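These protein sequence lines are chains A and B, in that order.
For the first sequence, the numbering used here begins at -10 and goes up steadily by one.
For the second sequence, the numbering used here begins at 2 and goes up steadily by one.
Simulated from the structure, these hints should not be mistaken for lab results.
Take these hints with a grain of salt, some might be off.
Which stretches of chain B does chain A cover? Using the computed rule of at least three CB atoms under 8 angstroms from a CB of chain A, they are [what the hints assert, rightly or not]:
hint	stretch
1	43 to 56
2	60 to 73
What follows is a list of derived Cβ distance ranges for each label pair [claimed, not checked]:
hint	chain 1	residue 1	chain 2	residue 2	range
3	B	Pro43	A	Gly382	36 to 44 angstroms
4	A	Arg411	B	Asn72	49 to 57 angstroms
5	B	Arg32	A	Thr305	35 to 43 angstroms
6	B	Asp67	A	Arg162	27 to 35 angstroms
Which residues of chain B face chain A? A few of them, derived with a C-beta cut under 7 angstroms, are [said to hold, decoys possible]:
hint	residue
7	Arg32
8	Trp81
9	Phe157
10	Leu169
Values in this document were obtained by computation on a predicted structure and should not be read as measured data.
Ideal placement from N, C-alpha and C gives every residue a C-beta, glycine not left out.
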Amino acid sequence: MSRVAIVGSGTMGSNLALDLARLGHDVTVFEKGPEYPYPHEPAFLAEGRYHYENPEWGVARDLRHYRMTGQYARDLSEEAVMRVGGAGTRWTGLTMRMRAHDFHTRTVFGYGLDWPIEYAELEPWYCEAEARMGVSGTDDDNPWAPPRSKPYPLPPFELTWDDHLLAERLEKRGIHVHTTPQARTRHAYDGRSGCQNFGMCEICPVGARYSPNVHLQRALETGHCRLRSGVSVRRVATDASGRARALVVRDHRGGRDEEFGADLIVIAAASFESARLLLLSRDARHPDGLGNHAGHVGRHLVFHHIWSGHMHYRETLWPGRLGPWTGQSEQFCNPPGRGRFGGLKVEFPSSPSPSHIDDAAGAHTLEEAMAKFEPIRRCRRVALHAESTPSDGKWVRLGAGEDRFGDPRLEIHYDLDDFDQRTYDFSRDVYQRFAEASGAEFWEYRDLTDFGTFAHFMGTCRMSVKPADGVVDPFGRVHGVQGLYAVGLSNFVGSGGALNPTLTGLALTLRSAGRMHEELTRG
Amino acid sequence: MSVLTRRRFLALVGVVVLGAAVAVAGRRRRRLLEWLARPPVPNAPVGALSDHAQATLLAAAHALLDERISNEVYTDFFTWRAAHVPGFHALYESFARGVDDAARRAGARDFAGAPLAVRRAVLEQLAPRKRWAHLSEGLLARQSLRWSQHVVREIFRLFAHTDAWLRLGYPAYAGEPAGLAGLDQPPQGRS
């Protein structure tokens, strides 16, 4: 029985743990964050009903603080979720596939780099990832959907009343709105209950929205998998031949460093922590860190950029009745002119605007509170989910300052470039077109640098065929280091277009699991 | 004509000094302002909220909103937070004592038993104010600012998450299982 160490218990790490444990390997998952109850009802109650974010479900700041420079204004130390289940415990569950041309932006559009794999190669793994997560959806109403070899596992969430109204108006002006594939159970599926519409999908209390914890639990039930939470992995140690042989770990509850030997080590710790661990693992043979002989670790960081705004209507639309999102449009993912600027996806988040809640909370009287809250019935948030591309101003590296154990903090630098500026300009045009076509009375839109990321952090361990061009091979094997993989969104070559990346990350990871098994059984 | 009292003068001086400090504080500026405008609740043991504090908090919610609110939502909210969130048991009990004292000064037996006008007058002192006022209170009247931010404001916030939706005509609010039926139509009886 081979010994496997996985760093990170998020969507990628938990699914790998399940696959490798089922194949009979002895798997240990290391997670920096604490245990997090699944189903997430305790967190749902605490945060959703009682407005309390329990600090016990996060990591102390002296173990997760990033130094940030550049234009990104939000706190990435807060956005990077560290707990058992990782970022998969808190996400919207939108699960799109990349399009064939998104793998070839250099060849087709003249920017970025081509991926070393094709859509067709990944397609069966997309099917597997959709089955794993329980994706509800249809391509019947989406003319831009890529080819698929299997239907969605579950039927779609139909457009709600407000989305339907907007879709009708937009259709008349040449804009097509369609349903949204999502990892949320339209009905009971694979031991998970069907969606009951609790309205707070980011912390689903019943497991209808996919959380990797369900698969981590199943991995643990095999008897071949163990979880160690509240543990920092400080280094990957290599042997004299340069092969990865052990993790150096430190329990947050005290004690000394310990070595955990393994036949195979997989880093599945999301873009920031994966890059940091490779950089921290420098030794005589790898003075710049593992996989970093060509200087690519951390260098190709890229986010999705989400610019959003609110459109206000005269009539009542009744938004916010359904937690899951229903409508979106992929019409602008591949627009004429792509290459000079990036494509984007238009989303209609169904959640209420926090600003209306905040306004009402600041009221002095009931009447004032209602007056401030009432526009919520006539207001829709619209988000433009834009692709980006790596550039010299986007990177992570070891920086100044140290964490609790004396290891350098990660410095994250993010500056927008001309491509991003042009993409923003395009997004403004699209947004205005939506507003006018849907009959909005007035609207507002965010400024260029006021963007979110939905925690889509990609590219710090880019895949490449040649070791000189990236950090890992197309299966996630770290170039130049036997027995070591890094998987997940960190492997992306650019942002993968404008579509949400998690499904692609899981498809890549499931594809890698077979290769890891081969490697382990080959000895 | 308003008089600049010594207390207010000192508060304004404090704000000016702090403003200068804040201006050079760079990335920490937002946190400092937040600390001033919304004083954190000091750590203290959790505990079971007394019946009196429960009644006082509900009476405050009635005075700020009205008596048609869903009482159990508000009572459950404060009871749970007192029992689970460090510091809030002590905060709620101190709020009850504070508004009781104010109500007694106005001739009432206690806050919960006071006429609506008295309760509203007491709470008016805790109503959200402009930011600069928060900053000066953040220096000199942190406990009443805590009550304002963590009790009064939270009552309005809870309302915006719950009853406000029902009053606008929504059949449910987020947090309760609303089901998936009929979502392709406006709420029943609405258009």
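Against the structure, the hints:
1. Coverage of the stretch 43 to 56 of chain B by chain A is violated [criterion: at least 3 residues with CB-CB distance below 8 angstroms; count 0].
2. Counting residues of the stretch 60 to 73 of chain B whose C-beta sits closer than 8 angstroms to any C-beta of chain A gives 3, which meets the bar of three, so the coverage hint holds.
3. Look at Pro43/B against Gly382/A: about 42 angstroms separates their beta carbons, and that is inside 36 to 44 angstroms.
4. Range check, Arg411/A to Asn72/B: about 55 angstroms between beta-carbon atoms, so the 49 to 57 angstroms window is met.
5. The beta-carbon spacing between Arg32/B and Thr305/A, approximately 39 angstroms, falls within the hinted interval of 35 to 43 angstroms.
6. The hint said 27 to 35 angstroms for the Cβ distance between Asp67/B and Arg162/A, and at roughly 44 angstroms that hint is violated.
7. A least Cβ separation of about 10 angstroms between Arg32/B and chain A goes past the 7 angstroms threshold, and the interface hint is therefore violated.
8. Of the supplied interface hints, the one on Trp81/B holds, with its beta-carbon coming within about 5 angstroms of a beta-carbon of chain A, less than 7 angstroms.
9. Because the closest C-beta pair between Phe157/B and chain A is about 5 angstroms apart, less than 7 angstroms, the hint holds.
10. At a threshold of 7 angstroms, the smallest CB-CB gap from Leu169/B to chain A is about 6 angstroms, leaving the interface hint in force.
The structure is inconsistent with the numbered hints 1, 6, 7, although it conforms to all the rest.
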